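Asker: One letter stands for each residue in the lines below.
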Amino acid sequence: NAGVTQTPKFQVLKTGQSMTLQCAQDMNHNSMYWYRQDPGMGLRLIYYSASEGTTDKGEVPNGYNVSRLNKREFSLRLESAAPSQTSVYFCASKGEARSSYEQYFGPGTRLTVT
Amino acid sequence: AQSVAQPEDQVNVAEGNPLTVKCTYSVSGNPYLFWYVQYPNRGLQFLLKYITGDNLVKGSYGFEAEFNKSQTSFHLKKPSALVSDSALYFCAVREIGTLTFGKGTMLLVSP
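One line per chain: the protein sequences are R and F, in this order.
Sequence positions in the first sequence follow this note's numbering and run -5 to 108.
Sequence positions in the second sequence follow this note's numbering and run 12 to 122.
Derived from the structure by calculation, the hints contain no laboratory data.
This one's a predicted model, so the numbers in the text were calculated from it and none came from an experiment.
It is possible that part of the hints are untrue.
Computed list of lysine to aspartate or glutamate pairs in EDC-like fashion (alpha-carbon distance at most 16 Å, straight line) [as the list claims (entries may be wrong)]:
| no. | chain 1 | residue 1 | chain 2 | residue 2 |
| --- | --- | --- | --- | --- |
| 1 | F | K114 | F | E26 |
| 2 | F | K88 | F | E77 |
| 3 | F | K114 | R | E90 |
| 4 | R | K65 | R | E90 |
| 5 | R | K51 | F | E106 |
| 6 | F | K114 | F | E19 |
| 7 | F | K33 | F | E19 |
| 8 | F | K114 | R | D32 |
| 9 | F | K80 | F | D65 |
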């Protein structure tokens, strides 16, 4: 049981390049999330998916797109990277049991845009 | 919109002393509150949550948190700090569909 996995761990992009961050979970969770973490800002929600086939914008969606490929996988795409998107990106998932509200996080992807 | 505030950017405590990391919240309705910990270069790990019931919630690694409705607070506590508790701590409140996190408090425990 690997939990939530993310690839790649590190990435350096030039301004204008595109890339996709991959996330997968093996806990059979319905809900999945993408956050970015910046110093002094805490975690800010980019997009989330409450179930397979649905996605919703979070607090900071501009410049990003997402795909909920299936129940396990939720990818985040940067179409044209900008230096302001330099950040650490975390994927998370959450179960649907009535008593379960906590999210489980992946190890993160550290992205630098030059 | 719901929100949480962590008024301290950093908390310093000596090993063996009690520690408190503060969190206040603003919600409409009943609050669902959480604490997470992040060790260097790692993802966030769930520590504990308050949904309903006893105001004192016990969690992982000897941590506990006290829910105070009148003061809208949910402070994280531990009776005796360890150097290995040094990490970044986040308070969060549940909104429909997701969580809203505070900005985080760095806890530094000195030997």
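Asker: It remains to establish, for every hint, whether it holds in the given structure.
Answerer: A quick look at each hint next to the structure:
1. K114(F) <-> E26(F): violated (24 Å)
2. K88(F) <-> E77(F): holds (8 Å)
3. K114(F) <-> E90(R): violated (26 Å)
4. K65(R) <-> E90(R): Holds, at about 13 Å.
5. K51(R) <-> E106(F): holds (14 Å)
6. K114(F) <-> E19(F): holds (9 Å)
7. K33(F) <-> E19(F): With a Cα-Cα distance of about 7 Å, the restraint between K33(F) and E19(F) holds, given a limit of 16 Å.
8. K114(F) <-> D32(R): Holds - the C-alpha atoms of D32(R) and K114(F) are around 9 Å apart, at most 16 Å.
9. K80(F) <-> D65(F): Status holds; Cα separation ~12 Å.
Consistency note: the structure conflicts with the earlier hints numbered 1, 3.
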